[in-house]
Structure formats: structure tokens, C-alpha cells
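Residue numbers (this note's numbering), protein chains in the order written: chain A, 4 to 415; chain B, 8 to 282.
Take these hints with a grain of salt, some might be off.
For lysine-lysine, the following DSS-like pairs were computed, each having C-alpha atoms within a straight-line distance of at most 30 angstroms [stated by the list, open to error]:
hint, chain 1, residue 1, chain 2, residue 2
1, A, Lys53, A, Lys226
2, A, Lys140, B, Lys246
3, A, Lys141, B, Lys246
4, B, Lys273, A, Lys160
5, B, Lys47, A, Lys140
6, B, Lys51, A, Lys160
7, A, Lys141, A, Lys226
8, A, Lys141, B, Lys47
9, A, Lys153, B, Lys80
10, B, Lys80, B, Lys246
11, A, Lys95, B, Lys47
12, A, Lys226, A, Lys203
13, B, Lys273, A, Lys9
14, B, Lys273, A, Lys53
15, B, Lys246, A, Lys153
16, A, Lys310, A, Lys322
Negatives, chain B to chain A, calculated, CB over 10 angstroms [to be verified]:
hint, residue
17, Pro19
18, Leu41
19, Arg44
20, Pro87
21, Tyr124
22, Leu151
23, Leu165
24, Leu169
25, Trp223
26, Asn230
27, Ala258
28, Ile266
29, Ala279
Derived DEER-like restraints, expressed as beta-carbon distance ranges [said to hold, decoys possible]:
hint, chain 1, residue 1, chain 2, residue 2, range
30, A, Gly210, B, Val148, 47 to 57 angstroms
31, B, Arg193, A, Val292, 47 to 57 angstroms
32, A, Arg135, B, Phe201, 38 to 48 angstroms
33, A, Gly405, B, Arg193, 32 to 42 angstroms
34, B, Thr67, A, Ser119, 28 to 38 angstroms
35, A, Arg135, B, Val48, 12 to 22 angstroms
36, A, Ser119, B, Val69, 53 to 63 angstroms
37, B, Leu55, A, Tyr354, 54 to 64 angstroms
38, A, Glu63, B, Ser13, 16 to 26 angstroms
Keep in mind that the hints were calculated from the coordinates and are not lab data. Treat the numbers as computed from the prediction; the structure is a model and nothing was measured. Note that CB positions come from ideal geometry on N, CA and C, so glycine has one too.
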Amino acid sequence: MLPAVKVENLSKEYVVGQSADRHATFYDTLSNALKSPFRKRDESTADASKFWALNDVSFEVQPGEVVGIIGRNGAGKSTLLKVLSRITAPTKGRIEVRGRLASLLEVGTGFHAELSGRENIFLNGAILGMTRRDIAKKFDEIVAFAEVEKFIDTPVKRYSSGMYVRLAFAVAAHLESDVLIVDEVLSVGDSSFQEKCMSKMGDLSQGGRTILFVSHNMGAVSKLCRTGVLLHAGQILHVGDVSGTLAKYETAAANDSLGLATVVRGPLEGSLQVSSVEIQGANPGCTVVVAPAAHIRLRTNYVVSEKIAGARLRFGIFKRGELVFSVYDCRDSADMSPGSYQSDAVIPAKYLSPGNYHLDITAYSSENGAWVRVSNAASFTVTSEWLTGYENNESMGVVNPGFVGTRQQVDS
Amino acid sequence: MKSNESVTLIEPRSGFHMLNFRELWAYRELLWVLTMRDIKVRYKQTVLGASWAIIRPVLTMVIFSIVFGQLAKLPSDGLPYPVFVYAALLPWTFFANAIGTSGQSLVGSANLVSKVYFPRLIIPLSSVGAGLIDLLISTVVLLLLMLWYGVPFTANLLVAPLLLIGVVFAALGVGTLLSALTVAYRDFTHLTPFMVQIWLYITPVIYPVSMVPKAWQWVMFLNPMTGLVEAFRAAFLGKPFDLQGIAISFAVAIAIFIIGVAYFEKVERRFADII
């Protein structure tokens, strides 16, 4: 059988640098053209640094296959999706897609706040490439799935954010295509709706649809996909069955210290460099799993190259992008003279509700407020004591002080 | 699998190439839906609603009649100045609005451009299309004005639809060109309103072409709106057509349209990267 998607030697180059200023002024272009009218446009950007977001990527997807594309931030996943969805053109290589192609990089694209739910269904459907007939045929199904029957003629600006997202996903979920490209759209809505979305995605894949799915949620990837494609720095590191690819991803990430981290440049950047971050002695990248009864040991090593007055280091524990709490490495800030340092913190895991957390490290001077931060320095997962499988349940809240109430029967 | 086993090829693209009419046709429903969206949204949450489509040109006509007709005493080819200026304001207002909104349309739809694929030309097309409904409404007002001032209806009126096509082409050409340029160079966001203002004065809206010396009138007609505005007047107010002038203006309008669409198509695939 012919592959549904055939990607051959695909490359995409972006120009990053001064002369590629996103919104160059017309004057610049005009004056460049006047100064050197015979020079080709491309040469004028040759000195700017070029960056291959995708570099010679080739793979095939068979009809009916559900493929998960994984990789850390900046690996080229989004670029691959954008090229596959024809939003941006590749620089080299080609892709052949057999059958109707639809892509879903965002739910609710083109929704207009002033228009009613009904009008937005038709608008969004048309934007996603559905015909009016298709939408009309599926209209009731869409409304029922979104659970917005009562408000279908209300402008969506009056919708709660939950209703809005449900309606948006409902339209997208009823998109008819042979090949579907999905970006992380499942990470919206409350947990019960997420479950509904997951099962809808499952149905779609059962129905013989070819799906390319990008996600950071490894649970979703392993549940939905049979095949995995691991991208790293714009190249394919591994293609194979999903469990093998996930394992490769974990080890690849583990071998690369500070791999996921992003250094947020602050004024202290020149005086302090974080050299390593560890959780339980393990490198970041491989997910550290902690039982609630255990302690989470955080450690960071860093080098101070210039004296920092009144320095303190802060471990910030984040869940779903929100700061849960901070731990400082000392109660009173003290000057740090040049040298190597190590800061530790120990957190009893029982105070954290089950789920995934990540760590930010910020060093700052309490004297002048200068700082430097490493965000996403590492991550860990706290497992559940009783409720296995509820690791990401929002009903648990953010912290888990361990309070338990009492119950007694007062009447029969 | 579905019966329509179409194969989509995704390849690098560069240089000029033909406009893909078949694809544009396949997306005609989207054009319709986006046009309707622009129309529906335009007067949402306004007290006066769609009557703005009447109020704006009528108010402009009143002000122009007082300032240019009464105070400046500009000639009007022997017609009542209000009708004279209103007949020209019809195509002009449509054109000015169309290039203004379509120029901003791509930048305003950045979320669509960076998230979904469709022929990008649909976006400026739909904002030009949405203006047609206002033009239609204000045409009815012109017919009422003609009744009021006793201007006779002539067979010339039959040419009006053809002229309308000319104006639409001119607006599409300038609109698509501006929308593509605005994506790359935001200077055009500031330049466009200024340009529209200047353009009004080089177009015979508030004055007749007959004010310009005969020998130099052809220069006026290089502005496509000159021929179209004059022809609109002739069609509605029963004046003879200046065929030579109209021909020059039509040719320029078509040329601008071709240049606009060609430039748009050339840079289309870069939009998502630079918007």
C-alpha cells in the first residue's frame, strides 16, 4: 500500500539575526535595493546566522497509522507540523500526502467573539476546510458534543472559557479528513473534558484515520499512538514503535544535562553560571518519580565569577506553570565571593499533590535586585498514595496538606 | 479510505507563478463565510446598526456640498452639487474603505495565517467583498437623491454594473498589494490612510475632470479611479462617457490588479514566517 504521508529530505531554514528583522522597514529594503540593485536578495542575508529548524527529515506514515511526534522544545516539532499543514513552505525536500489533509494546530481558530455559537460553528468549520453541507449535517452532533445546546444563539463572548473550548474542540473533532495533523490541543478544558477529547481522538484513530500527533504529554502519546518519531535539533533521532521511542526520548534527555532548561537572561547573568541541577542525584530530563512518603532532594552547582552582594538562591516549584512554593537556600542573604557553590533543598513529597512538577532556579542579589534564572531546570513526578492513575487530576488541588475529615452515620 | 484519493504535494516554492484558480474555487465557501463574518460583525453592538452605511456617505455628501459646493463654489458640470458629489462618493468610498480594510486584513488575521492553511488571497478578497453591501445600500440613496433633485434616469445606468466590476478590480489590486506589503513592512499601516487622503484629491470626486486643461486630462486618467468615478457620474447622471479616459483607467486598473495579485502570490508562502 502507498504511504499516506511521505516526507523526503525535508529541510526548513529560518534566518535569525539582525538583517532578518521580522518587520524590516520598507526604507531598508528600498535603500538596499538602490545601493546594490543587481545583488540578489538572498545574498544580503548571507551574513545573518541561519538556522535549520528541520534538517533532512524523512519518514513515511502508512494509512491508518497513528504517529506521535515527540522531542523537546525547539526540536522542530512545531516547524514540522507547520510545513505539513502547508502554513509555511519547506526550504528543501518534499512531502506527499494522499487523501484529504486537515490540520488542527489550535482549537477555535478564527472564532469571532461577537458571533453566536451557531455562526462560529459554520465559520470555524469553513476555516478548517469543511463544506457548508458537511457542517450542517454534523451540526447537531457538534452542539451535543460541546454541551452548549442552550447557548447556541448567544455570542461566544458571553461563554465561559470552558464552553468556548468545548465548542471549539467539538467543531475540530468532527472534521472529516483522511490525514489529520494535531498539535497539543488536548491540553485544554477541565479534566473530564480532556478525557472526552482523548476518547474522541481514540475513536478517530480506530476509524482508520491517519493521524500525526504532537504532544508533550507522554501519557497521551503512549495511549493514542502506535508509532513514535523522535525529533532532536531538527533531525530524526529515532522512528519506531511508540514505547521504544519514548524510552529513547528519556535516555536521550537524560544524557544531556540542562537539556530542557532555558536560561532567562537577567542582569546577574555575567556573575553567576549554573553548571548542574539534580533531583535525587539524577540528571534532569529523565523524569524523577517520587513516592509521597519520600523526600525530594534538589541540588544545584554553580560558579560565581564576581562578588554578589546579599545573594540568595531560590528553588521555585511549579505545577502547570504556576508557582506552588519557593525554597531559599538560606534564611538571611549573605555576600558571595567568587568560587564554586552548591545549594541543596529537601522537600517532603507528602505536601505535594500527585502530578508533574518542574523546578526553576533563581539567583538574585537582595541588594540591587539583579537576578538570573534557569527555568524548567528539572522536573519530577509525585505519585499518588491511593489514587493510582490520578496523577494529573485537578481535583487534587495544588498542595496536599494531608487533611482528612471524618464521617459518621447520623440516621438510617 | 475515501474515494477522493487526491495527492497533496508540499514543496519549496519560489519566484512568480500562476494564481491557482482551481484551489481558489475550492475555497469559495470560505470566501463567502469570511465575507459574511465581516458584514455581520461590522455593525454589531452599534445602536444605529446598518444605517451607518447610509449615514456615513450622506454626511460626507452634506459636508462636501457645504464646503466645496457652497463655500468654495467648485463647478459641478451643471448638476446639483450634492448629487454630483454623491455619485462620485459611491465608488470612491467603496474603494477607500476596501483598500483600507484589506490592507490591514492580513495583519489582522495573523492568528488564521499562522494556524490554518487556505489560499491567503481569500482574506483581502473577503474584506473587499464585505464592502459591496454598503455600496449597494448607498446606491439606493443615490437613486432617491436623483428623484429628489429631478435628475432623469437614462439608459446610461445599464453600464453601472460594468463600472462596478472595474472599481472592484482596482480595489482588489491595490488592496492585495497593500495587504502583502503591510505584512512585511508595517510602515504601510501608517502610510495607507495618508495615501487614501491624497488619492481623494487627485481623483475628481469634489471637482469635475473638466476643470483640468484638456491637454492634461489623460494624466488624470492614469489614476484608475479618475475614469471610474467620472464614468459612474456619467452612468447615473446621464452625461456622455469619456471613452478614451475610461479605457486608460480600466487598463491601469487591470494592470494594478495583475501586479497586486502577482506580488501577493510571490510572497504568500512567507507570510506565516514573518507575520
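Evaluation of the provided hints:
1. Restraint check: the Cα-Cα separation between Lys53 of chain A and Lys226 of chain A comes to about 37 angstroms, which exceeds 30 angstroms; the hinted pair is violated.
2. Our distance criterion of 30 angstroms between C-alpha atoms is broken by Lys140 of chain A and Lys246 of chain B, whose separation comes to about 53 angstroms.
3. The suggested pairing of Lys141 of chain A with Lys246 of chain B is violated, with an alpha-carbon distance near 55 angstroms, which exceeds 30 angstroms.
4. Distance restraint check for Lys273 of chain B and Lys160 of chain A: the Cα-Cα separation of roughly 37 angstroms exceeds the 30 angstroms cut-off, and the hinted pair is therefore not satisfied.
5. The suggested pairing of Lys47 of chain B with Lys140 of chain A holds, with an alpha-carbon distance near 23 angstroms, which does not exceed 30 angstroms.
6. Between Lys51 of chain B and Lys160 of chain A, the direct Cα distance comes to roughly 12 angstroms. Compliance with the 30 angstroms bound is thereby established for this hinted pair.
7. A distance of roughly 27 angstroms separates the Cα atoms of Lys141 of chain A and Lys226 of chain A; the hinted pair therefore holds under the 30 angstroms criterion.
8. For the hint linking Lys141 of chain A to Lys47 of chain B, the alpha-carbon distance of about 23 angstroms falls within 30 angstroms, and the restraint holds.
9. Straight-line distance between C-alpha atoms of Lys153 of chain A and Lys80 of chain B comes to about 60 angstroms, which puts the hinted pair past the 30 angstroms bound.
10. A hinted pair counts as satisfied when its Cα atoms are at most 30 angstroms apart, and Lys80 of chain B with Lys246 of chain B qualifies at roughly 21 angstroms.
11. A threshold of 30 angstroms between alpha carbons decides the hint, and for Lys95 of chain A with Lys47 of chain B the separation of about 42 angstroms lies outside it, so the pair is violated.
12. At roughly 13 angstroms between alpha-carbon atoms, Lys226 of chain A and Lys203 of chain A fall within 30 angstroms of each other, so this suggested pair holds.
13. Using a Cα cut-off of 30 angstroms, the hinted pair Lys273 of chain B and Lys9 of chain A holds, with the two alpha carbons roughly 26 angstroms apart.
14. A hinted pair counts as satisfied when its Cα atoms are at most 30 angstroms apart, and Lys273 of chain B with Lys53 of chain A qualifies at roughly 22 angstroms.
15. A threshold of 30 angstroms between alpha carbons decides the hint, and for Lys246 of chain B with Lys153 of chain A the separation of about 58 angstroms lies outside it, so the pair is violated.
16. At most 30 angstroms may separate the alpha-carbon atoms for a hinted pair to count; Lys310 of chain A and Lys322 of chain A exceed this at roughly 33 angstroms.
17. The non-interface label for Pro19 of chain B is inconsistent with chain A: the shortest C-beta to C-beta separation is roughly 5 angstroms, within 10 angstroms.
18. With a closest Cβ-Cβ approach of about 8 angstroms to chain A, Leu41 of chain B is found to fall inside the 10 angstroms limit, against its non-interface label.
19. Distance check for Arg44 of chain B against chain A: the nearest CB is about 6 angstroms away, which does not clear 10 angstroms, and the non-interface claim fails.
20. Against chain A, the non-interface label of Pro87 of chain B holds: every CB pair exceeds 10 angstroms, the least being about 40 angstroms.
21. Remark: the non-interface label on Tyr124 of chain B conflicts with the geometry, its nearest Cβ contact in chain A lying 4 angstroms away (cut-off 10 angstroms).
22. Consistency note on Leu151 of chain B: stated as away from chain A, and its beta-carbon is indeed over 10 angstroms from all of that chain's, at 31 angstroms minimum.
23. No beta-carbon of chain A is positioned within 10 angstroms of the beta-carbon of Leu165 of chain B; the least distance is around 34 angstroms.
24. The Cβ of Leu169 of chain B lies farther than 10 angstroms from every Cβ of chain A, with a closest approach of about 31 angstroms, so its non-interface assignment holds.
25. At roughly 30 angstroms from the closest C-beta of chain A, the C-beta of Trp223 of chain B stays outside 10 angstroms, upholding its exclusion from the interface.
26. Every CB of chain A lies more than 10 angstroms from the CB of Asn230 of chain B, the least distance being 22 angstroms, so the non-interface label holds.
27. No beta-carbon of chain A is positioned within 10 angstroms of the beta-carbon of Ala258 of chain B; the least distance is around 27 angstroms.
28. With 10 angstroms as the threshold on Cβ separation, the claim that Ile266 of chain B sits away from chain A holds: the shortest Cβ distance comes to roughly 17 angstroms.
29. Listed as outside the interface, Ala279 of chain B is inconsistent with that label: its C-beta sits roughly 4 angstroms from the nearest C-beta of chain A, within the 10 angstroms cut-off.
30. Remark: the range hint 47 to 57 angstroms for Gly210 of chain A to Val148 of chain B is upheld by a beta-carbon distance near 55 angstroms.
31. In this structure the hint that Arg193 of chain B and Val292 of chain A lie 47 to 57 angstroms apart at CB holds, the actual value being about 49 angstroms.
32. In this structure the hint that Arg135 of chain A and Phe201 of chain B lie 38 to 48 angstroms apart at CB holds, the actual value being about 40 angstroms.
33. For the pair Gly405 of chain A and Arg193 of chain B, the supplied restraint of 32 to 42 angstroms is violated, since their beta-carbon distance comes to about 55 angstroms.
34. The hint said 28 to 38 angstroms for the Cβ distance between Thr67 of chain B and Ser119 of chain A, and at roughly 33 angstroms that hint holds.
35. Evaluation of the 12 to 22 angstroms hint for Arg135 of chain A and Val48 of chain B yields a pass: the beta carbon distance comes to about 19 angstroms.
36. Our hint of 53 to 63 angstroms for Ser119 of chain A and Val69 of chain B is violated, since their Cβ atoms are close to 36 angstroms apart.
37. Take Leu55 of chain B and Tyr354 of chain A: their Cβ atoms lie about 60 angstroms apart, and the range 54 to 64 angstroms holds.
38. About 18 angstroms separates the C-beta atoms of Glu63 of chain A and Ser13 of chain B, a value consistent with the hinted range of 16 to 26 angstroms.
The structure is inconsistent with the numbered hints 1, 2, 3, 4, 9, 11, 15, 16, 17, 18, 19, 21, 29, 33, 36, although it conforms to all the rest.
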